[in-house]
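Start from the sequences and build out the full structure, keeping to the hints where you can.
2 protein chains.
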Amino acid sequence: MSTLGFVGLGIMGKPMARHLITAGCAVAVFSRSSGPAEELASIGAIACNSPRDVAAKSDIVFIMVPDTPDVEKILFGKNGLLEGLKPGSVVVDMSTISPLATKDFAARLAEKGIDMLDAPVSGGQVGAENAALSIMVGGKEEVFKKVKPYFELMGKLIVRIGGNGAGQTCKAANQIVVAGTIQAVSEALLLASRAGADPAKVREALLGGFAQSRILDVHGNRMITRNFAPGFRVKLQQKDLNIALDTARSLGLRLPGTQSAQELYSAVAADGGSDLDHSALLTALEKLGSAPPEP
Amino acid sequence: MSTLGFVGLGIMGKPMARHLITAGCAVAVFSRSSGPAEELASIGAIACNSPRDVAAKSDIVFIMVPDTPDVEKILFGKNGLLEGLKPGSVVVDMSTISPLATKDFAARLAEKGIDMLDAPVSGGQVGAENAALSIMVGGKEEVFKKVKPYFELMGKLIVRIGGNGAGQTCKAANQIVVAGTIQAVSEALLLASRAGADPAKVREALLGGFAQSRILDVHGNRMITRNFAPGFRVKLQQKDLNIALDTARSLGLRLPGTQSAQELYSAVAADGGSDLDHSALLTALEKLGSAPPEP
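Chains B and Y, in that order, give the protein sequences. Just so we're aligned, residue 136 is where the first sequence starts under this note's numbering, counting upward by one. Just so we're aligned, residue 136 is where the second sequence starts under this note's numbering, counting upward by one.
Note that these hints are calculated values from the structure, not bench results. Remember, it's a predicted structure, so these values are computed and weren't measured experimentally. Check before you lean on any hint, since a few could be wrong.
Because identical chains share one entry, a pair is satisfied inside a single copy or across any pair of copies.
[Said to hold, decoys possible] Within a straight-line C-alpha distance of at most 27 Å, the following computed DSSO-like cross-link-like pairs (lysine-lysine) qualify:
(1) 422 <-> 208
(2) 208 <-> 192
(3) 336 <-> 283
(4) 213 <-> 291
(5) 275 <-> 336
(6) 291 <-> 336
(7) 291 <-> 275
(8) 336 <-> 281
(9) 221 <-> 374
(10) 281 <-> 208
(11) 336 <-> 247
(12) 336 <-> 280
(13) 374 <-> 336
(14) 374 <-> 291
(15) 370 <-> 280
What follows is the structure, given as structure tokens:
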């Protein structure tokens, strides 16, 4: 059995690492704040002082941190993983970051004989706690096979999409669909309620046909009950759409719907709503439409 | 049992009327072209020469025609329903038309003691043929109860949303969600394939999480296999989005996502694609993104 490492023990990383530990794996852990590492040490993890320290003790190191620069620093910064990893070891980045940067990181690690998988997840904190994440993987098939037993301790639907970066591309696609569907449902329910129809009944009717989606079900209900407690925060949705739009730009693509959703999220954030659930896009749309009706 | 009328025997109306006839109802029918009426007469329908003629023979008259002006002409035009309907009879408009015009039509009929329901459907030709339509109803509860047994011969999910116009409002909401979700799925799959990820695998992974929708399932598959044979035609989606945007405008609302989808459908139509399936929105997006990638 491999010795594992886990860097980044936030609301996602900590429960994910815990599943590995309770399954009996040896796991070396590091996080910027020492609390979570100490907590996991109490159930058998090896608390470390730096990513380098984690790397020195591990064959496979998982990373779960917020954004592209965080991953870069953990990999290549002072006391980073690269200083401790042996050739033949594997880095598994489960953060949601840029697909393009991911390809670059994988290439730089490959020069040192280190394999990399990008393996971003969906399912949020609840999915992390219940080991029910969807995991979208990019990287070599044989490396995927090696890591898959550990993915199965953390997730339910595990799909290898393609080579390095393909997992992140898939996650970007996921976030485009999520945001676009939230916007579509927001526009529909807003029109319905302003036209005097009961949005709860509209949601019920729409769930029976081609308008059905998990977003209409879950986020539609949040909009109707005005429950904007997260859930998935606006500021994270903005970060993920930024990755999608940046990737599109570099590919020479225009994504007008994604751009529109990002603008509405900017309006929510400008209005102090960065920590609301992403279904709060509705509130920006309501303000756009606050002009008095035509006579 | 009421005597029924049915005006409009196109690809939707004919199979819907047929379900009423084969259930044993007396049905007076009229259509602009005489073929469908003769066909239904051969299984027991009463073929009529005008909407007025249908009205004279019926207590409840169903209408299934393409657009708002068609409904107006059938109701209030020369030899229209109003010339033949008795007070206490019911008009059930199952076309997809303007919610605002619907309220006006219902008010004008009410002056003559005639009740109206708006009852647009979703489910398309297949739903009409299999009596599996979703029916979204606006109008008085007691009128809905009277007509419900006949709706049950044509549809599966039958929901009364509210008063006159609420059915059409719900249908407009449905079309907003459908178009917006098609755009979101198009943008996601286009990004994925341009970034070198297999869109079929991306679709599979996304169906397991919050990005799940019936559109991702059905239309996503159409996009991947490039099967743009209708299905639901671009020109009808344009008509329905026009109703939604016109309703929004009159309510002082902006719907930027719906506007963006409508622009892309205009581009598909301008390119000769009016009769393609609405999943062909993807093709307009592909052309938007045909600029060469940045260096």
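At most 27 Å between CA atoms: does that hold for residue 213 and residue 291 within a copy, between copies, both, or neither? Classified as neither; 35 Å inside a copy, 64 Å across copies.
Within, between, both or neither: residue 336, residue 283 at alpha-carbon 27 Å: between (43 Å within a copy, 17 Å between copies)
Within a copy, between copies, both or neither: where do residue 336 and residue 280 come within 27 Å Cα-Cα? Intra 47 Å, inter 17 Å, cutoff 27 Å: inter-copy only.
With identical chains treated as interchangeable, where does the CA-CA distance between residue 370 and residue 280 reach 27 Å or less: within a copy, between copies, both, or neither? Neither: 34 Å inside a copy, 48 Å across copies.
Please work out whether the CA atoms of residue 291 and residue 336 approach to 27 Å or closer within one copy, between two copies, in both situations, or in neither? between (33 Å within a copy, 16 Å between copies)
Between copies, within a copy, both or neither: which fits residue 422 and residue 208 at Cα up to 27 Å? neither (40 Å within a copy, 38 Å between copies)
What label fits residue 281 with residue 208 when the C-alpha limit is 27 Å: within, between, both, or neither? within (25 Å within a copy, 69 Å between copies)
With identical chains, the pair residue 336 and residue 247 could be close in the same copy or across copies; at 27 Å between alpha carbons, which is it: within, between, both, or neither? Answer is neither: 59 Å inside a copy and 30 Å across each miss the 27 Å cutoff.
Within, between, both or neither, where residue 336 and residue 281 count as close if Cα-Cα is 27 Å or less: between (49 Å within a copy, 20 Å between copies)
When no copy is specified for residue 374 and residue 336, does a C-alpha distance of 27 Å or less occur within a copy, between copies, both, or neither? between (33 Å within a copy, 24 Å between copies)
Measure nothing new, just compare the shortest in-copy and cross-copy C-alpha distances for residue 208 and residue 192 to 27 Å and report within, between, both or neither. Cα proximity of residue 208 and residue 192: one copy only (19 Å, versus 80 Å across).
Classify it for me, residue 221 with residue 374: is the Cα-Cα distance of at most 27 Å met within a copy, between copies, both or neither? Close neither inside one copy (32 Å) nor across copies (62 Å); limit 27 Å.
When the structure is compared with the earlier hints, violations turn up for hints 1, 4, 9, 11, 15 and for no others.
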